[in-house]
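S.K.: Chain residues, written in single-letter form:
Number of protein chains: 2
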Amino acid sequence: MMNSKVETTVLMAEPFHVDFSGHLTMGVLGNHLLNCAGVHAASRGFGMAELNESKYTWVLSRLAIEMTEMPYQYEQFTIDTWVESVYRLFTNRNFRICSKDGSPIGYARSIWAMIDMKTRKPADLFQLHGGSIVEYCTDELDCPIERPGRIKVTQTEPVSVFKSKYSDIDINGHVNSIRYIEHIMDLFSLDYLKNHALKRFEMAYSAESYYGDELRIYQEETNQDSFDLEIRRMVGEKEEVCVKSKIFFK
Amino acid sequence: MMNSKVETTVLMAEPFHVDFSGHLTMGVLGNHLLNCAGVHAASRGFGMAELNESKYTWVLSRLAIEMTEMPYQYEQFTIDTWVESVYRLFTNRNFRICSKDGSPIGYARSIWAMIDMKTRKPADLFQLHGGSIVEYCTDELDCPIERPGRIKVTQTEPVSVFKSKYSDIDINGHVNSIRYIEHIMDLFSLDYLKNHALKRFEMAYSAESYYGDELRIYQEETNQDSFDLEIRRMVGEKEEVCVKSKIFFK
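Going down the list, the sequences are from chains W and S.
Residue numbers are given in the working numbering: position 249 of the first sequence equals residue 249, and the series is strictly consecutive.
If you want the working numbering, it's the position in the second sequence, counting the first as 1, plus 250.
The shape of chain W in the complex, shown without the other chains:
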């Protein structure tokens, strides 16, 4: 490794991971980013498996992905990931996605907290491993995309209502972060997506949802080809916001 603060992973756009246009889906890209984050953290002592042993786990709070182009079927691409900054209760992790020839085709920002798995309370990042996580911060790579913005939905009629199923659920019994992205993408018609390339995708994870939950998606066009969305779950007669999302198309 030339620079141990940046983790670089080489990937290929697999046939079942591309959409009708032949390009990698946003859901699969999100999965790759989170995996790369996991590998980066694990090899430095801050991975999920390592933390689980010590009763802590990472929780993804925000994710913003901005792409100028998406890898095409069978194309190789790379993901660089690094920690931009660490605060007491959260950390900023960035990503750069490059095409096979090394040119950047996109960037991503993410915000993570660490929680105690028993109490579900946030942990102090400066306490863990004697605060050594700060040693992995680097500004060597730039992340020239905006930070996640505010998401506000006032719509009162859902555009989609469904129950979460087996394929939605992860090892913790929660609807997994990637499936929310897929459910949101499924709101758009193939006709719309043929004429509008996805430019930026933001996710804000605020509460967990569970197997069998009735999920309702609310969608609002904030500007032309820009949407704010909320996914809410029914808790008795009340709605609880689980995920907010903001999408920009070209």
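Check each hint, because a few of them may be wrong.
Unchecked claim - Restraint-style ranges between C-beta atoms, simulated for each label pair:
1. W/E146 / S/N473: 51 to 59 Å
2. S/E407 / W/G102: 52 to 60 Å
3. S/K488 / W/K118: 41 to 49 Å
4. S/E264 / W/K118: 24 to 32 Å
5. W/R120 / S/Y324: 21 to 29 Å
6. S/P394 / W/K121: 30 to 38 Å
These are calculated hints, taken from the structure and not from any lab test.
Since we're looking at a predicted model, the values are computed, not measured.
Backbone N, C-alpha and C fix where the C-beta goes; we use that ideal spot for every residue, glycine too.
We have chain W; now place chain S onto it with these hints.
M.R.: Relative to the frame of chain W, chain S by itself:
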């Protein structure tokens, strides 16, 4: 490569690829198998990309997967794939899945045809590349699971009706082979799946379905914890069978 007739791929069960139980999902395993098949074929001149250039493509006809256990989250596993036999119009490709320590944990069988992309008619495998595909057949590895069986559904009421969406569709505009597996798994409740481990999963692909198709799943319990299924699409007022499936639970 010690034996160029068998392709071995090392994989890891990624966090977003495991289900509530922490084990790799059948859909993800299916995806890995098909990718390994692709790599095996490509490196020998019979890959999708190579064939597309020469106007042919592989079409998956049958897939049968039988597992004694599924890789657990973060566990490494390997997939071996090889060609068992070649006939004029189809070929049998097998798979062996091994745990990290090298013990087999499952096997799979698949049947493929090659078609002319323009005429959609089957191609003669003995003609392509001067018939050199037969040189890749091997019986060095055994595949001790039954061949795919006959699937018969007489039910007249569907257990699930839905429209195919963006995330279902592949680069050819068809519902992709893996998504069918996920839709079938989503028929089963978490309660049922907590008490019944999946033992064998068979798929028979007979017709394509497309974006926006109304898909209907018919399910029949043939024996205790064994099911025959059909996914049909509506063509006007008529139903067309796209996929048949047979599932055995332990």
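S.K.: None of the hints should be skipped; say for each whether it holds.
M.R.: Quick rundown of the hints versus the structure:
| no. | hint | result |
| --- | --- | --- |
| 1 | W/E146 / S/N473: 51 to 59 Å | holds (57 Å) |
| 2 | S/E407 / W/G102: 52 to 60 Å | holds (56 Å) |
| 3 | S/K488 / W/K118: 41 to 49 Å | violated (57 Å) |
| 4 | S/E264 / W/K118: 24 to 32 Å | holds (26 Å) |
| 5 | W/R120 / S/Y324: 21 to 29 Å | holds (23 Å) |
| 6 | S/P394 / W/K121: 30 to 38 Å | violated (51 Å) |
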